[in-house]
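Novice: If you read the protein sequences in the order shown, they are chains A and B. Per my numbering, residue 1 is the first one in the first sequence, and the count goes up by one each step. Per my numbering, residue 277 is the first one in the second sequence, and the count goes up by one each step.
Heads up, a few of these hints could be off.
[As the list claims (entries may be wrong)] Derived list of chain B stretches under chain A, where covered just means 3 residues or more per stretch with a C-beta under 8 Å from a C-beta of chain A:
| hint | region |
| --- | --- |
| 1 | 323-334 |
| 2 | 357-369 |
| 3 | 445-453 |
| 4 | 483-497 |
| 5 | 506-517 |
[Stated by the list, open to error] Residues on chain A that point at chain B, a partial pick, calculated with CB under 8 Å:
| hint | residue |
| --- | --- |
| 6 | 50 |
| 7 | 81 |
| 8 | 84 |
| 9 | 177 |
| 10 | 178 |
| 11 | 199 |
| 12 | 207 |
| 13 | 231 |
| 14 | 233 |
| 15 | 234 |
| 16 | 237 |
Worth flagging that the hints you see were computed from the coordinates, not collected in a lab. All residues carry an ideal CB built from backbone N, CA and C; glycine is no exception.
Protein chains: 2
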Amino acid sequence: MTNGVGMKIAVVAPSCTLSRDAARQVEAIAAARGDCDLSIHPQCFESDGHFAGSDAVRLNALREVMADESIDALWFARGGYGSNRIAEAAAADLPEAARSKLYLGYSDAGFLLAAFHRAGLEVAHGPMPQDVLRDGGEAAIHRALNWIVRRDPASLEPGLSGSAMAFNLTVLSSLLGTAIEPDFSGREVLIEEVSEQHYRIDRTMFHVTGSLSVRRAAGLRLGRATDVPANDPDFGGDEEAIVRDWCARSGLEYRGRADIGHDAGNRVVPFGEPKR
Amino acid sequence: MTNGVGMKIAVVAPSCTLSRDAARQVEAIAAARGDCDLSIHPQCFESDGHFAGSDAVRLNALREVMADESIDALWFARGGYGSNRIAEAAAADLPEAARSKLYLGYSDAGFLLAAFHRAGLEVAHGPMPQDVLRDGGEAAIHRALNWIVRRDPASLEPGLSGSAMAFNLTVLSSLLGTAIEPDFSGREVLIEEVSEQHYRIDRTMFHVTGSLSVRRAAGLRLGRATDVPANDPDFGGDEEAIVRDWCARSGLEYRGRADIGHDAGNRVVPFGEPKR
Chain A
1 MTNGVGMKIA VVAPSCTLSR DAARQVEAIA AARGDCDLSI HPQCFESDGH FAGSDAVRLN
61 ALREVMADES IDALWFARGG YGSNRIAEAA AADLPEAARS KLYLGYSDAG FLLAAFHRAG
121 LEVAHGPMPQ DVLRDGGEAA IHRALNWIVR RDPASLEPGL SGSAMAFNLT VLSSLLGTAI
181 EPDFSGREVL IEEVSEQHYR IDRTMFHVTG SLSVRRAAGL RLGRATDVPA NDPDFGGDEE
241 AIVRDWCARS GLEYRGRADI GHDAGNRVVP FGEPKR
Chain B
277 MTNGVGMKIA VVAPSCTLSR DAARQVEAIA AARGDCDLSI HPQCFESDGH FAGSDAVRLN
337 ALREVMADES IDALWFARGG YGSNRIAEAA AADLPEAARS KLYLGYSDAG FLLAAFHRAG
397 LEVAHGPMPQ DVLRDGGEAA IHRALNWIVR RDPASLEPGL SGSAMAFNLT VLSSLLGTAI
457 EPDFSGREVL IEEVSEQHYR IDRTMFHVTG SLSVRRAAGL RLGRATDVPA NDPDFGGDEE
517 AIVRDWCARS GLEYRGRADI GHDAGNRVVP FGEPKR
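Bound-form chain A, shown alone (with noise of 0.2 Å):
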């Protein structure tokens, strides 16, 4: 906490840009709270092709914020394409104050959780700005601020026990075997996706179940597939028996549904205590 207000978190967008009605509307939640104080960082709403700014527009407003010892917590913007290409430079070398700072989101964001938390930074999975938008998005906003302001519990995945993480699947296939896979042994891996049709969906798990870093987890749970395009023809089998199958097949434990995905009922999954 640095000010009367309470704790101070800063929004940075390090893949797409920031809708400005999102913005506002977020700000005027934070403010009727009356216990953050969120400072939306203007690089939220550069952009530059793809992307909420250059590679180092968007890397250096990261490090600022990650080195700006009056923050508290780091709450990404939104997700879409493009935190991956920032990742691995964005954990180098870190500034003593990016150690003792919350970061929060999810879907792209994942790509910096991974690198973060393998890097000894305290992150977790949940709601991000941008998702004010969604139906009933504000309660997604709230849940995002109670666990960063005050760690609510009831912001918590509510099936988690032992150390878990939370990654969009594809993202999780994208950074397998690059310089930002984290150490997944013994964790609870949880997964959601959104817009891949099924066929994409069991080759996308055929390649995570395939990865021998991945078979030291501890199991798999399996979050909500969203607006999940028609396979041409029927799949013959949908996600849940898809995770199910590829599961079995590569001797992970399934261990059944998580309340997490990309929707406003998204819960938050604080990444388990990495190892040094």
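Place chain B on chain A using the hints.
Specialist: For chain B alone, coordinates are given in the frame of chain A:
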């Protein structure tokens, strides 16, 4: 050569169902050539959800043909999705008869090319029977048959020098770290893509070039990226800029374009001698 007609070629479908129209057209082309005896396995027309029969049905047909001493070459019917589900089993405990055959295909069949190359078999990337349905597809069929029947150099990708491999980019990404990953050391790796947005190509290139085993390749060449859906907003660079960028970041040599892709112009790329 096993009979008066010439080389005996079997077609099986380890992924999706072959079109009966494509089968008829390719049989007519082969009959008119008179230099090969084409045998389209009835499994090619089976259907089970997404696939040309269950995993067991597809694997059995494939293994049956692999063990058949009278067959000189195995031509994969088409891509789609699914050969990864049977690739590890298909490459296990190989019958001796499997070792004297050529295996030809691309796209999803790349999972089998990888597994079989790793197992010491002769494999090549090249057009498949279903390609006859493309504009100019008859030329693609002749190109493939000219390679299978008489290793016609005119079928080859024109820039080949040294030892090469060719993969659909998403397939390559999906097999990294699994039991069917081949040895890329010193090979030139040719990649092509279809129906993926630029941000997805960028994400997949991050994954592929982040792999330490891919970084042992001699270099990368880029085939065509066809049917690329619009990126919203415009990505900010085309597929060649993306591949150049990730090669530069990872220390891989970018060696220019390649004449392969999901189209009738797709050339043959024999995989270099496997290391045993």
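Novice: Regarding the hint that residue 84 of chain A lies at the interface with chain B, is the smallest CB-CB distance below 8 Å?
Specialist: holds, 5 Å
Novice: How about residue 231 of chain A: closest beta carbon in chain B under 8 Å, or not?
Specialist: Hint on residue 231 of chain A: holds, closest Cβ of chain B at ~6 Å, below 8 Å.
Novice: Three residues minimum, CB to CB under 8 Å: does the region 483-497 of chain B make the cut for coverage by chain A? Let me know.
Specialist: holds (count 5)
Novice: Would the hint on residue 178 of chain A stand, with a C-beta cut-off of 8 Å toward chain B?
Specialist: holds, 3 Å
Novice: If you take the shortest Cβ to Cβ gap from residue 207 of chain A to chain B, is it below 8 Å?
Specialist: holds, 4 Å
Novice: Mind taking a look at whether chain A covers the region 357-369 of chain B? Criterion is 3 or more residues with CB to CB distance under 8 Å.
Specialist: holds (count 4)
Novice: For the hint on residue 237 of chain A, just tell me whether its beta-carbon gets within less than 8 Å of chain B.
Specialist: Hint on residue 237 of chain A: holds, closest Cβ of chain B at ~7 Å, below 8 Å.
Novice: Closer than 8 Å between Cβ atoms is the bar; does residue 233 of chain A clear it against chain B? Give me holds or violated.
Specialist: holds, 6 Å
Novice: With a cut-off of 8 Å on the beta carbons, see whether residue 50 of chain A makes it to chain B.
Specialist: holds, 5 Å
Novice: Is the hint on residue 234 of chain A kept, meaning its closest Cβ partner in chain B is under 8 Å away?
Specialist: holds, 6 Å
Novice: For the region 323-334 of chain B, do at least 3 residues have a Cβ located nearer than 8 Å to some Cβ of chain A?
Specialist: This one holds; 5 residues, not fewer than the three required, reach chain A with a Cβ under 8 Å.
Novice: With chain B as the partner, please determine if residue 177 of chain A meets the hint condition of a C-beta pair closer than 8 Å.
Specialist: Holds. Min distance 5 Å.
Of the hints listed earlier, there is not a single one the structure fails to meet.
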